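Participant: Order-wise, the sequence lines are chains A and B. Position in the first sequence (first residue = 1) + 1 = my numbering. Position in the second sequence (first residue = 1) + 20 = my numbering.
Possibly wrong hints are sitting among the right ones.
[As the list claims (entries may be wrong)] Chain B side only, calculated, beta carbon under 10 Å to chain A, not exhaustive:
hint	residue
1	GLN80
2	HIS81
3	LYS84
4	HIS85
5	GLU147
6	PHE152
Derived by calculation from the structure, the hints in this document are not laboratory data. Owing to the predicted nature of the structure, the values given are computational and were not obtained by experimental measurement. In this text, a Cβ means the ideal position worked out from N, Cα and C, and glycines have one as well.
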Amino acid sequence: MTTFDILKEIIVDKFEMDPATVTPDATFETLEIDSLDTFDIIFSAEEKFGIKVPNEQVEIKTVQDVINLIDRLRIEQRKA
Amino acid sequence: MTIRRVAVTGIGIVSPLGNTPDEFFSGLMAGKSGIRRLRADFVDRLDTKIAAQAEFDPLQHFSKHKAASLDRVSQFALYAASRAIADARLDMSLQDKSRMGIYLGTGMGGAASLEEGYIRLYRDGAERLKPFTVLMAMSNAAASAIGLEYGFTGSNLTFSTACSSSSVSIGEAFQQVRHGYADVMLAGGAEAMLTFGTMKAWEALRALASEDPNDPGASCKPFAADRTGLVLGEGAAIVVLEDMAHAIARGANIHAELTGYGSGNDSSHITQPSPEGQAAAMSSALNCAGLNPEDIGYINAHGTATPLNDPAETAAIKLVFGEHASRIPVSSTKSMHGHLMGATAAVEFVACIKALELGAIPPTINLHKPDPKCDLDYVPNTGRTSVALKHVMSNSFAFGGTSGVLIASKFST
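Produce the entire structure from the sequences given, and follow the hints as far as they go.
Facilitator: Spelled out as structure tokens, the structure:
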């Protein structure tokens with residue numbers, strides 16, 4: 002499974018959403034997921050991927066933004 | 021400012037005896053107990069394994085996402101509020117929301133969410149807590165959830181005075197309507213603290229009832245010589261309080277009139293009640309309602325079944341009611357629904373409203389061995405019907421000292 006597949010599973014499960022609407026270029030705004038719920042998705046992703054997202058502000062607008070963040074941290078934190 | 025009359029026009033409840041006012045009250049009248057062996061994965065580590073749990077499946081009422089963002093206490097409160105509004109047949113689109121507010125009582129707020137967070141941190145060594153932890157655990161989470169759902173812009177307050185929290189919240193909401201600060205108030209209480217940590221803390225206080233060896237449901241024995249303490253419960257009750265003229269103008273069904281509220285500080289000791297402190301709150305409620313002691317036809321007692329409360333409350337009733345004390349039926353419905361802490365006064369207020377409406381007095385169950393220090397008419401074991409009730413009183417006293425007494429009256433124009 003790709004990062005996207007796993008992330009999509011988290012989002013679909015949490016919000017009981019039509020899987021077809023969750024695409025990499027979908028914005029959280031169009032998915033009606035607010036910033037607090039986005040943190041909740043990232044929290045679940047941390048557990049699922051075994052990473053720790055730093056508290057620094059990261060610009061997150063689309064599903065792809067989260068995929069990029071996860072992939073970057075997986076590489077960085079594997080080295081550490 | 022003129023004093024306005026206050027109608028009770030809606031009731032919502034989540035209780036160990038069912039989640040409608042009718043189911044709850046018919047359970048009380050039948051002497052049914054909502055107390056049983058606790059169903060929880062930590063029950064083996066408890067010394068006292070009984071509680072009064074509510075049967076409540078959040079996914080029947082909320083989406084998965086919404087349920088996951090609300091502590092059990094807020095789920096109870098939001099559900100009870102929705103039922104109260106539906107019962108009042110309040111069309112929210114027609115209401116001036118700046119004239120509506122919510123006053124809620126709770127003892128421990130989102131206890132389970134905080135405890136779950138601590139388990140992750142301390143036991144599991146987690147680095148992070150769920151992002152919603154603060155918002156789910158904060159004491160005002162339940163009131164906040166109701167305010168957000170219905171968009172009231174009037175006052176939204178949470179009262180936390182232990183066992184009297186929801187007497188105080190209903191009483192203060194009554195004052196809001198009575199004195200014209202609001203036209204409609206949602207008022208009541210919610211509590212969901214049957215968690216491992218909270219139950220252990222209560223065990224340590226040595227205030228909990230021992231399990232009855234023959235019947236766990238019979239463990240809470242208010243006013244009886246063999247009483248051993250209280251049984252913890254969970255649930256919520258919320259009523260719609262409404263300016264009487266507003267209620268009549270929209271043709272609302274009026275369950276009862278809220279006529280009296282008294283509150284005071286029983287400052288003698290943190291846990292030991294004094295009859296004088298309790299009596300002062302009862303007298304204050306009578307004074308507020310403009311009633312004489314002999315006008316009261318039923319008292320729903322605080323009646324915790326702790327060794328100290330029951331004789332103190334008995335003595336307090338005698339101080340206020342004098343010779344009339346022996347003629348008033350006094351019952352403790354906690355013998356059936358347990359002690360719901362921050363929600364208990366609201367649940368007992370619902371019992372009082374139904375008693376007035378139906379002319380029925382619920383019993384004190386498990387009262388087979390009288391205590392000479394408790395010598396009033398406690399309606400032992402069997403409820404009474406066909407009683408013409410005009411005014412009823414609901415007593416709530418608390419660890420920490422805050423007393424709350426409410427008086428409800430049969431509605432007449």
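Participant: Now, for every hint given, state plainly whether the structure supports it.
Facilitator: Hints versus structure:
1. At its closest, the beta carbon of GLN80(B) sits 15 Å from a beta carbon of chain A; the interface hint therefore is violated under the 10 Å criterion.
2. Interface restraint check: HIS81(B) against chain A, minimum CB-CB distance 15 Å, threshold 10 Å, status violated.
3. With a least beta-carbon distance of about 5 Å to chain A, the hint placing LYS84(B) at the interface is held under the 10 Å criterion.
4. For HIS85(B), the shortest C-beta to C-beta distance to chain A is roughly 5 Å, which falls under 10 Å, so the interface hint holds.
5. This hint holds: GLU147(B) has a C-beta 6 Å from the nearest C-beta of chain A, less than the 10 Å allowed.
6. Annotation: PHE152(B) was flagged as interfacial toward chain A, and the flag holds, the nearest CB pair being 6 Å apart, inside 10 Å.
Comparing the model with each numbered hint stated earlier shows that hints 1 and 2 do not hold.
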